[in-house]
Each structure stands twice: as structure tokens, then as C-alpha cells.
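Protein chains: 2
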Amino acid sequence: MPSIALVIEFDGTDFVGWQIQDNGRSVQEAVQTALSELYKEDIKVTGSSRTDAGVHARGMVCSAKVPFNIPADKLPLACNALLPPDVAVVRAIDVSEGFNARFDSLGKRYVYRIVHDRVRHPLLRRYAHFVTGRLDVEAMNEAAACFAGEHDFTAFCAAGGSQNTTVRRLRSVEVRADEQTGVIEIEVTGEAFLYNMVRIIAGTLLYVGQGKIAAGDIPAVIESRDREKAGKTLPPEGLTLEEVFYAPDLHINP
Amino acid sequence: MPSIALVIEFDGTDFVGWQIQDNGRSVQEAVQTALSELYKEDIKVTGSSRTDAGVHARGMVCSAKVPFNIPADKLPLACNALLPPDVAVVRAIDVSEGFNARFDSLGKRYVYRIVHDRVRHPLLRRYAHFVTGRLDVEAMNEAAACFAGEHDFTAFCAAGGSQNTTVRRLRSVEVRADEQTGVIEIEVTGEAFLYNMVRIIAGTLLYVGQGKIAAGDIPAVIESRDREKAGKTLPPEGLTLEEVFYAPDLHINP
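These protein sequence lines map, in sequence, to chains G and P. The numbers in numbering that gives the first Met the number 0 rise by one with no breaks, and the one at position 210 of the first sequence is 209. The numbers in numbering that gives the first Met the number 0 rise by one with no breaks, and the one at position 92 of the second sequence is 91.
Hints listed in this document are in silico derivations from the structure and should not be mistaken for laboratory results. A couple of the hints might just be wrong.
[Claimed, not checked] When the alpha-carbon atoms are kept at most 30 Å apart in a straight line, the in silico DSS-like pairs for lysine-lysine are as follows:
#1 G:Lys-64 / G:Lys-43
#2 P:Lys-231 / G:Lys-73
#3 P:Lys-43 / P:Lys-64
#4 G:Lys-228 / G:Lys-211
#5 P:Lys-211 / G:Lys-73
#6 P:Lys-211 / P:Lys-228
#7 G:Lys-73 / G:Lys-39
#8 P:Lys-39 / G:Lys-211
#9 G:Lys-211 / G:Lys-231
#10 P:Lys-64 / P:Lys-39
#11 G:Lys-43 / G:Lys-73
#12 G:Lys-231 / P:Lys-73
[What the hints assert, rightly or not] Derived DEER-like restraints, expressed as beta-carbon distance ranges:
#13 G:Ala-157 / P:Arg-117: 44 to 52 Å
#14 P:Arg-117 / G:Arg-24: 19 to 27 Å
#15 G:Arg-168 / P:Thr-131: 34 to 42 Å
#16 P:Glu-40 / G:Arg-175: 44 to 52 Å
#17 P:Glu-173 / G:Arg-24: 34 to 42 Å
#18 G:Gly-148 / P:Lys-39: 51 to 59 Å
#19 G:Arg-175 / P:Asp-72: 22 to 30 Å
#20 P:Asp-177 / G:Gly-215: 35 to 43 Å
#21 P:Leu-37 / G:Arg-168: 50 to 58 Å
#22 P:Asn-22 / G:Glu-149: 42 to 50 Å
[Stated by the list, open to error] Chain G side only, calculated, beta carbon under 7 Å to chain P, not exhaustive:
#23 Glu-8
#24 Phe-9
#25 Asp-10
#26 Pro-84
#27 Asp-85
#28 Val-86
#29 Val-89
#30 Arg-119
#31 His-120
If you're wondering where the values come from, they're calculated on a predicted model, not measured in any experiment. Quick reminder that beta carbons are idealized off the backbone N, C-alpha and C, glycines included.
Pulled out of the complex, with its shape left as it was, chain G reads as follows (with noise of 0.2 Å):
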């Protein structure tokens, strides 16, 4: 059975998160549909990681043993024909057939973006999180570069994971500022992540930039080990999965 990768695009407003759940429309059920109309058969697709409801993606993976071959080039059209209007398969790969884009990603890419001014801004309100206020985007820098390396991140991690252990790598935490938007786009790149992982260390570098907690503080609050220390959770609307990595030989990242 021919496999494939599918990079799909969603803005996640309106669905209840990548996975299937009984209380609302989820993305991966949008996907399975539209494949299993496309291949006249139940289809199945294992997604490289659950984003929670609210939560978009510009590059989420998921993977699918298909019944025949449909060109590469020819599928996310056919796919997109098939979905509804808030998600997308922007690239489809033809991949050997023990594939499985969980398991065989080797990292992430999120962006959680923040828009900063005086007052709100309705064409960005679904796709950025407003804070107003003043704002310390150096010190947020200074800080975000703390977070890469090995760490034990369970000051960073909501209840409820079932993970055996809380220690992850980042490559890099860094934090951009558009002089122009407003917008203020915090870039978290890792290997693996921990149950609201990115939108704690978001608000972790907001408190920061709003002066709660100093940038050099940064350090103690990960040793503590005490969710209590880092900032709070940032809403969803944020949080943007940019793009999941693999091996180069797998042609899925472009």
C-alpha cells in the first residue's frame, strides 16, 4: 500500500483541536473525510502532534496508507476540493511505508504571536493575542534565549500530561518585534514539547516584558521546577505550529 505526508494548513478558530473528540469538529476528522470521499475507502491519518482547540497551523504533518497511487502534485488539489474552507493541504509527499509522522518527527517549529498597542485591532484578534501596556521586548529577548538547551521544563507544563519524564531540548526561544504591526512574534523551535509548553513560556516572557518577573530571574524559575513560578498559559488564538521537521531524505520539510 502506497504511503503519503500531508502538510495541512488550518486556522484553528472553529475547530476543537487536530484530534477526533466526540464534542466538536476536529481537523483530523475534516482530513480522514476528504481522503476517505477522495480513495472511496476508510482512510486514517496519524498527525505529528495534537494542537489544542483554538490553535492554528501553517505546516502540521500527518501521515496515510492509501489504496493507490494519486500524484504528489495532483493531491492536495483534490484534497482541497474536498475540505472545508478553514483547512488546506498545502504539499502531499510520497513517503516509504513505514512512515509515521509522529514518531518520526524529529522537532517543531511554533510561532505565538502577541499584538501590542493601546487599543485592539479586529484584523488581527484571530490570529494574535492583544496585550497593551508597556512592554520590555529586549528584556523578553534576553530571557527567551534562556529557555534553549536541555532542560527539566515542569514549571513550563500543564497538569494533566502523562509523560515519563519532563525534561526536553530546545534549539532556540527568540522574540521578534514588527516596529510597524505591533505584532511581537515569540519562535520556539525543539525537538519535543510538553502539554502547553509554548503558551506557558509565552507568558512567561510577557510577564517579563511587563516587568513581573526580570529576565535574569529566568534561570531559577526553570530549576524550580514549580509551575507557580512561570508566567500564565496564553490563550490559543496565538499560538501558530509554523512547521514539523523530519530527515532531509524525506523531502517533507521544503
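Go by the hints and put chain P onto chain G.
Same frame as chain G, but now just chain P:
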């Protein structure tokens, strides 16, 4: 009675347009309702222009007479607490009593956004019109320059307008492409506009990009004064009223 000007941003997706209508939510009504609640009496606002259903604005301007003075730096926050999420006051300006947002306007700047790619993009779909296939942006820019200056724009006017003359002066029409996002911006700046004029100019430039009209034929299309010779009216979601211009001493434009 004090007079105020408000700069309004709104996501037009779920509005029937600026102007109050019987058939749904209008931005004007939302703004009037918020101001009436704030000032505890009926407030009417005058918009700089009508916008159609689905069209967005980052810089719509409206004027109103109000019963008492609220400091201009406090007014946006007070209004925004009473406005729905898809509309906000981004600036308030104290103006002299005779000010009228419509009649005192000196011009407007619109941007029509196209997302050009092989596949559609859910995260851009609310604010850009999706176009696939070959597109010659250089030819579009060459054609765009032909629209500047004073012309009879009958070929670029939807039926149903009630103007005395179809002659209008455009300051500039420019086409910019962002290679990274695939977003093409058509920026149109002018003194006044006919009904659907920007969306028809954008549709004509799209035809030029697609090779359906030669860039060199644009002057003849304008001179024809024949709506059939111009391109299609592009859909509203791509259009944003970016800015309305007033005399500098009014301090409405930042």
C-alpha cells in the same frame, strides 16, 4: 456640542457593510450603539464612505456630535469595551463643530490583497482573494501605472451608482508582491471612487497578470468607457480601506 472624529478598524466578514441596513449587522450601527451607551443618549455617526458587505477597514473615519467631552486619549478604550470583537476605535480626535467625515475627506487609500499560490491558504482566506495559475506581476505593475491621473472611469463602475460624473482622479495604483507569503497587494490611492471601482480595477489588473488583457491595452480599456472591456469585480474579502485623508491641521492622519 463637541465634535469628534473616530478612526475605526473592522473585520468586514460578518458585517453587511458600513451603512445601517435592515438585513443584518452594520458597522455603523455597532458604533452608534456603543457611543449611545457611552454618552447615554442617541448618537448618530457619519462615515467617510460606505463599504460593501465583507470589505474590511483599518482606517475608516466617522464623525459625530456628542453631548459632552471625553478626552480623546480615553475615548477609544471606553468605546472598545462596548464594541463587538470585530470592530474597534483605534483613534479619537477632537474636531471643530462643522467637521463632516464624508464631505471633508480629501481622499482614500485602499489595498486589494490577492494570495497567489498553487494551493489555497486557510490562514489568509478571510483577508485575501485566492488566485492560482500563472501571474505576471511585472505586467500588472505596468498596467497599474495607466490608471493614475484623471479619467472617465465608466468602464470601472458597477451599475447602480448615482453619481453626476464618472470622472475621477487617482493619485497612484501600485502592485507589490511578497515572495515569501505569496501575497500580492494592489494599492489604490485617489480622491474619490465610483461604486466597486477598486474591485474592478483589481479584477482588470488580475486579467493583465493572467495574460487575458495586455498591459498596453489598459488606456484603450479606460477610453472605451465599456464595463464589458474591463475585468471582473473581485470578491470583497480581498479589499481593505486602509486610510482616509484629511487636511493636516485636523491631525486625523498620524
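Here is how each hint holds up against the structure:
no. : hint                              : in the structure
1   : G:Lys-64 / G:Lys-43               : 8 Å, holds
2   : P:Lys-231 / G:Lys-73              : 28 Å, holds
3   : P:Lys-43 / P:Lys-64               : 8 Å, holds
4   : G:Lys-228 / G:Lys-211             : 11 Å, holds
5   : P:Lys-211 / G:Lys-73              : 25 Å, holds
6   : P:Lys-211 / P:Lys-228             : 11 Å, holds
7   : G:Lys-73 / G:Lys-39               : 17 Å, holds
8   : P:Lys-39 / G:Lys-211              : 38 Å, violated
9   : G:Lys-211 / G:Lys-231             : 12 Å, holds
10  : P:Lys-64 / P:Lys-39               : 13 Å, holds
11  : G:Lys-43 / G:Lys-73               : 20 Å, holds
12  : G:Lys-231 / P:Lys-73              : 28 Å, holds
13  : G:Ala-157 / P:Arg-117: 44 to 52 Å : 38 Å, violated
14  : P:Arg-117 / G:Arg-24: 19 to 27 Å  : 26 Å, holds
15  : G:Arg-168 / P:Thr-131: 34 to 42 Å : 40 Å, holds
16  : P:Glu-40 / G:Arg-175: 44 to 52 Å  : 46 Å, holds
17  : P:Glu-173 / G:Arg-24: 34 to 42 Å  : 40 Å, holds
18  : G:Gly-148 / P:Lys-39: 51 to 59 Å  : 58 Å, holds
19  : G:Arg-175 / P:Asp-72: 22 to 30 Å  : 29 Å, holds
20  : P:Asp-177 / G:Gly-215: 35 to 43 Å : 38 Å, holds
21  : P:Leu-37 / G:Arg-168: 50 to 58 Å  : 52 Å, holds
22  : P:Asn-22 / G:Glu-149: 42 to 50 Å  : 59 Å, violated
23  : Glu-8                             : 5 Å, holds
24  : Phe-9                             : 5 Å, holds
25  : Asp-10                            : 5 Å, holds
26  : Pro-84                            : 6 Å, holds
27  : Asp-85                            : 5 Å, holds
28  : Val-86                            : 6 Å, holds
29  : Val-89                            : 5 Å, holds
30  : Arg-119                           : 5 Å, holds
31  : His-120                           : 6 Å, holds
Going down the numbered hints, you'll see the structure goes against 8, 13 and 22, while the others check out.
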